[in-house]
Structure formats: structure tokens, C-alpha cells
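S.K.: For reference, the chains in residue letters:
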Amino acid sequence: MTMAPPTGPAGEPANSPPAGADNYLTHTRGFWSWALTLDHKRIGVMYLVGILASLVLGGVFALVLRTELATPGPTIMGFPPTLADKQPEASQALAGKQPVPPEATAQGKNLYNHIFTLHGAVMIFLVIIPGIPAILGNFVLPLMLGAKDMAFPRLNLASFYLWLTGAIFFVVTLHTGGLDTGWTFYTPYSTGAGHSAATSTSIVMAVLGAFILGFSSMFTGINFIVTVHKLRPPGMTWFRMPLFVWGSYATAVIQVLATPVLGITLLLLVAERVWKIGIFDPKLSGDPVLFQHFFWFYSHPAVYIMILPGMGIISEIVSVFSRKHIFGYRFIAYSSVAIALWGFLVWGHHMFVSGMSLRAATIFSALTFTVAIPSAIKVFNWLATMYKGAIGLATPMCYALVFIFLFGIGGLSGLFLGTLAVDVHVTDTYFVVAHFHYVMFGGTLVAMLAGLYYWWPKITGRMYNDRLGRLSAMVLFAGFNLTFFPQFILGTRGMPRRYFDYTKLLGTHPEFSMLHLLSTIGAFCTAVGFALVFYCLIESLVRGRRAPANPWGGATLEWQCSSPPPHDNFPDPPEVGDPYDFSDLEYDPSVGGFVRRTVPSGRP
Amino acid sequence: MSTHAEPRPEHPPPLAHHFRTPGQQFEAGKLGIWVFLLTEILFFGGLFCAYAVYRSIHPEVFLYAHQFLDKSLGAINTVVLLASSLTMAWAVRCAQLSQRRGLVLCLGLTLACAAVFLGIKAVEYRHKWQHGLKWAGQYDEGKVAAMLAELGEPPPGHTLPGSPPPPRDVGLFFSIYFAMTGLHAVHVIAGMGLIGWLLARAVQGHFSSDYFRPVDYVALYWHLVDLIWIYLFPLLYLIH
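In order, the protein sequence lines correspond to chains A and B.
Residues 461 to 1064 (the working numbering) are what the first sequence spells out, left to right.
Residues 499 to 738 (the working numbering) are what the second sequence spells out, left to right.
Derived by calculation from the structure, the hints in this document are not laboratory data.
Each computed BS3-like pair below joins lysine-lysine, with the alpha-carbon atoms no more than 25 Å apart:
{"no.": "1", "chain 1": "A", "residue 1": "K848", "chain 2": "A", "residue 2": "K784"}
{"no.": "2", "chain 1": "B", "residue 1": "K626", "chain 2": "B", "residue 2": "K569"}
{"no.": "3", "chain 1": "A", "residue 1": "K743", "chain 2": "B", "residue 2": "K641"}
{"no.": "4", "chain 1": "B", "residue 1": "K619", "chain 2": "B", "residue 2": "K641"}
{"no.": "5", "chain 1": "B", "residue 1": "K528", "chain 2": "A", "residue 2": "K690"}
{"no.": "6", "chain 1": "B", "residue 1": "K569", "chain 2": "B", "residue 2": "K619"}
{"no.": "7", "chain 1": "A", "residue 1": "K964", "chain 2": "A", "residue 2": "K569"}
{"no.": "8", "chain 1": "A", "residue 1": "K743", "chain 2": "B", "residue 2": "K626"}
{"no.": "9", "chain 1": "B", "residue 1": "K641", "chain 2": "B", "residue 2": "K626"}
Start from the sequences, fold in the hints, and give me the full structure.
M.R.: Pasting the structure below:
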């Protein structure tokens, strides 16, 4: 640890901008100046607020699920108060410790299905798909490119309002209730007859919500692609772009190529439900497995929409906090594009047990193994960057290390699932749940937190308490592993996912009870970690010292403008150099951050 | 169509603050619209994929059911749409040459062609509707049989199915027919909205050789809508 960024209540740094200086936050005032803003930075901040609110909502659902699973039988959902009110005998049964009436258990099961569907749908569609591109991509990408804005500012604002509309559709299903298809909307769960009117409404609402969110995602993708192609300043060649830009660009390519297919699939699903067009209905010669093919043709590339920008963030942070040029720049850049394109060829590995020829399954399995190569390239390059670097363990770097560790486990467990013989045994068990959370939570969400902590001084102009930030990373890391590592064991021993009541499994597997309890305890530790994150960030807004332009010593262009940036980003076109050359930057205690040496001296 | 007497538009072509040059702005917009068209192709791609899957699983349904479609109306509609693409391309050229009257005329003709296309489509839909030729869930075998019995002899342009019994699940073909042509019609309607907006601006003289980006972009979209129909017509109407 050679470089520990200063924390605590230091005085105002000498040459930070004065409190009243014009920046994007103070440029104009009032509600409409935000609601109708075309400034990419403000749109990013609005996404930040919306997506963090959705994260809290999805997190509460997760806690409810884990609380329910803390004991084998019904824990909190078996006897809802509504039922007890309507049927006095139910509450008597509760009071007299008699067996729970079957209607109550059925209602509890339905509620459980409802909550896990909403947890998945909110977390996937509202949080981790838009998360990094919409918040950090929107805010940072034009700054990194030295541009004044995204190529299409109006389209950018429209995509935010599409996100908001989609979010409202999901929230409405909270009210109508009964959405129990799982976040994947598999047919025939989502088309089956015998649903109540409320469930039908909820399914149509949720599917339309996902459709609208798809447009939001596509518009963001179009904007990113055009911005990267057309708004780079003179001197910034493709291979002088920061790796976060490469990651975001590859993400945008997937958003543009994959999301429309989801759009048409969801439209067909709505038509199937409302008009019975029979495309997915075997009674009318349709094929429900076709829905799965369509769905995963989008949703497998979509997991790379989630992880690629996160990998971009880690590439930035690892290099900056090791004070060392990124190792294998071109390999990391090309591997992003390789993942983006290769990811379109492996969707079948979600369907090994859905009815697929052995030949197709073998091909998909083989392709799945090869798609792991570019991810491994990135991990090894990050490690090589850190090797003999001057590593500073500030909060963003702590999160980056958490990412590498958790993503490593998540990625390797993915290879088990890609192996046909193993997959048949662990399909639909907690092994899949654990794998998915290791890559999506341990990967994407942790990378998002890493990026948030890294660019927080730039976004808000305030430094947070670094010690608290590091503590939050440690608590999250411990809580996360306590939650999800037991689930790997549960899965390999045959615990199926989506079970509300596992009493009957305890006869042969008494250890399930203990493992589930551990997982629940871990979930609450994770919640404490998130509470620390929110406290740390909000406290910085109130009490944090003013951030210097370049608190971490990054060489990418966003650190050249003040914190927070002015409305137009760069008064003069910035000087474009190597984004990972730190030799000219040195720490200046009077500023509390890094400054560029005025007289260019020889290399140290 | 001389332009020398026409006053210049009052406002210069708008250059957004984040672009350095009008050329950069034009190229950005053009790339943006091309990427958008790519998403449109993939959007329809899902339906073409469903078509391919079901045609390979149930070829007999497609072979039988396509005979209920009116080839001559489909062919006329193809010609109408091709003509609209020509006038749209011409409109772009007029805008580039600052020919205001020509631009208004070409946009008007394009709009008219689009309306004719939708009118013919409506006639076709109404015919299907009346005779129970609807999607799988609503396909009415009784009505279809009644229509066949009533006709007895195929009218000109039709080759109605003969004695062998119809295959099962003919409605599947109409599910795909209505999904594909319906989605295409929605795109035609959206295109008409855009062309109407261009027409209103062209009448006010907004476009000139300095500023014709919107005409160019909408034309690209319109050509794609046309192109999709070029694929839909043989795939649905001309099955052998």
C-alpha cells in the first residue's frame, strides 16, 4: 500500500473550484430543468436515483424470500393475515399450533411464486441490465471521449422515460398481484388457461413493461454506438479509447442486436395471451420450446450486456490503483468484442433439458466452453496488471478485488453447467441460483458499486469516508459468500430451486435446514453491507470534503475536467494521451488529489 | 421547378452544441438511423424465424392455406410500394437540390401510395375476416367450408383447393400471416406519420440543400419498410 487517498475532514483544498462555481448540478435550477434536461450527466444522475430505488425494492423481495426459507415449512407466508381475517378457523389453527390449513399453504405458495418472480424481474430488467450503461455509461462515456454530450441527447432522455414507464408497469403488477411465471415468462406458465383475471392482467402488464424497457435499452445502445464512432476528438484513435468505452461499446452492440428479438417475442406472447394466435400453444400446432429459443437468443447475450461494462470498470480501476499501465490492452479490448459476438452462439445451454437433439446440445456445450476464454483473458490481464504494481487499497480497488474473486467463482461454476452430463443433474437446483448470483451480483452489481465509488467524486463533487467504504466492501463480501456458497452445496445435493416448503426433503437430507439458515443469515449480512454503502454515500453529500479534479490519479479524460464537471464538460478540447500512462501524474497534498507535472520531465 | 426566386430559410440549419461541424452531425444521424434499421431487421427477424420453423414443420399447412390469399392484390400492393420508394428517393433528391415544389409533390405521392397500400390491405383483411380465415385461436372451419361450397368454381386469379381434405391447424398460417403483415402495416402507418410531418415542413420551406437530414433519414426507413414487404409477398403469397 503505497498510496492511500486522504480521507477525513481535511480543509478546502487550495485550488479546487470555489463553492459557487458553475457546474452541471448548479447550471440551472428547478424541477423542469432536471425533468427535461438533455445533459447526459443529469440523465445519468436521474437513472442513478431510479435504479438504486429499484435495487432497494428488489433487495427487500430477496430478504422476504430468504426469511421464508429460514425454516423448512411456512415461515412468514403460510398464514397471511387476509386469510386469517376471512376464515376464523385459520387464525385459530395458528393460535392452537394446529397444522396449517391447506388453503393457507396454497396461498403462501402462490405468494412465494409471486415474490420470487418480482425479485427476478425487478433485479434483471430494472437494475442490472440498465444499471452500468445507463448510470455510469451515460455519465462517464462522453467525458472519457472528451465529448460535450451523447450523440442524440433527446433520444437519451427518451430512453430514461421509457425506463421509467417500464418500471411503472412492473410496480403496477405489485398492486394487481399474482405474477407467478418466473422472470423468464416461460410458456406455458405465461399463456396457460386457468389463470385468474388478476394474474392475466399482471402477466400482460409485466410483459409489456419488459417490452418498453427493451426499447429503452436499444436507444441507449444506438446512442453509445454513434457516440463512440462519431464524437471522438481528434487524436483519439480506437486503441486510445479507455477500456470502459470498449466494454460499453461491445455492450451497445449486443443491446442493438439482441433486444429487438426479445421485443418481438414479448409481443407474440401478448398476442398469444390476448388473441390466442397459437404460435407457442401445442394445442394449435405451436411450440412452447420456440419461446425458450427466442427468449434465450436475447437473454443469453443479455448476461453479457450485464457483465461487459462491469469488466470495463474493473479494467479502469485495476490499472489506476496499481499505478501501472494496463497489461494486454488490445487483448482486453478485443476480448470484449469477442464476448459480444460469441455470446450470440451459446443460448442453447439454457435448454439442455428442454428438448433438444443431442447433437445440438453437444455443439452448444462446446461453444459454451470457448466463450469462457475471453473472460479468462481479462482476468489474467488484470492479475498481470497488479503484479508488481503499487497497489493502493482504496474503496474502488477493494470492490474490484471482490469482483475478481466472486466473478472467478461464478465463471468457473458456469463451466460445470456447460458440461452436459453435470448440467442434467444440477438443472433447476440451487447450484444454478448460486452460479447466477455469483456472476450477476458478485460480478455486475459489485462492479457497479466499484464504479460508483470510483466516479462518485466526479459525479457529486464530494469525497466519501474511505474507511467506511472499505468496511462496506468487506461486509458485502462476507455476507455475499455466506448467502450463496451454501447454495452451491445445496444444489449439488439436489435441493431444487423455487421450493416454498422443503420439509419433505429433510428426511433424506437433514443438512438442508442448516444450509438454508446460513444462507438467510448471509442475506441479512448483505443487507447490512448495502446499508453501509448507502450511509457512506449519503453521508458524503452532507459532510464529505470537496473532491479534487483527479482524486485517484486516473489518466482518462474525465479526470481532466473539474469535479463535478461543468455543464459543457470541456471548455477547450482536452489533450488526448495514453489513457493508462500515469508517469506524468503526481500526488499533490495541497489539492488532495493528483495533478499533471507542469514541466514534462524524463521518465522515472 | 426553379429555385432562384425562393427566399432562403430564415434560420440556418441547426447545429447542436455538441457537434463540431455540420458534417459530423449529418454522419452521426446517418449512422444512428442505420443502426436503428438494424434493430428493425432483427425485430422482424424473429417473425421470419418463426415462419421458417413452422413452414419446415408444417409445409402442408402453408401450401394449402396460401391459396386463400389474393395474389393479384398482393402483386398490386408490391408495385404500389415500389413506386412509393421511387417517389421517396426522388423526394430526397429534390430536397438536396432545394426544389421545394418537387419535394412537396414527391412526398405527397409517397403518402398517397402508402394510403393505397393500406386500403388494399384493408380490403384483403376484411375478406379474410368475413370468411373466418383468422388466426389459430379464432379460425372458423365452418365458415371456410361454407365459403368453399358457395364458390363451387374458383374465380379468376384464384386456384381454390380441390377434393383432398384440408390439413389440420390451417389457422397457424393465418397467425403468422396476420402477425407479419400486421406488424408491417404498423410500420407503414408510422412511416405515413413521418412523411406527413416532412410534408408539413416541406410546405413551409424548411428543407434545402443545406438542411435535408430528416428527409434523408425518413427515406431510409421507408425503403426498409418497402424491402420487408418485398420479402413478405413471395413468402406468404407465392408458395409452391
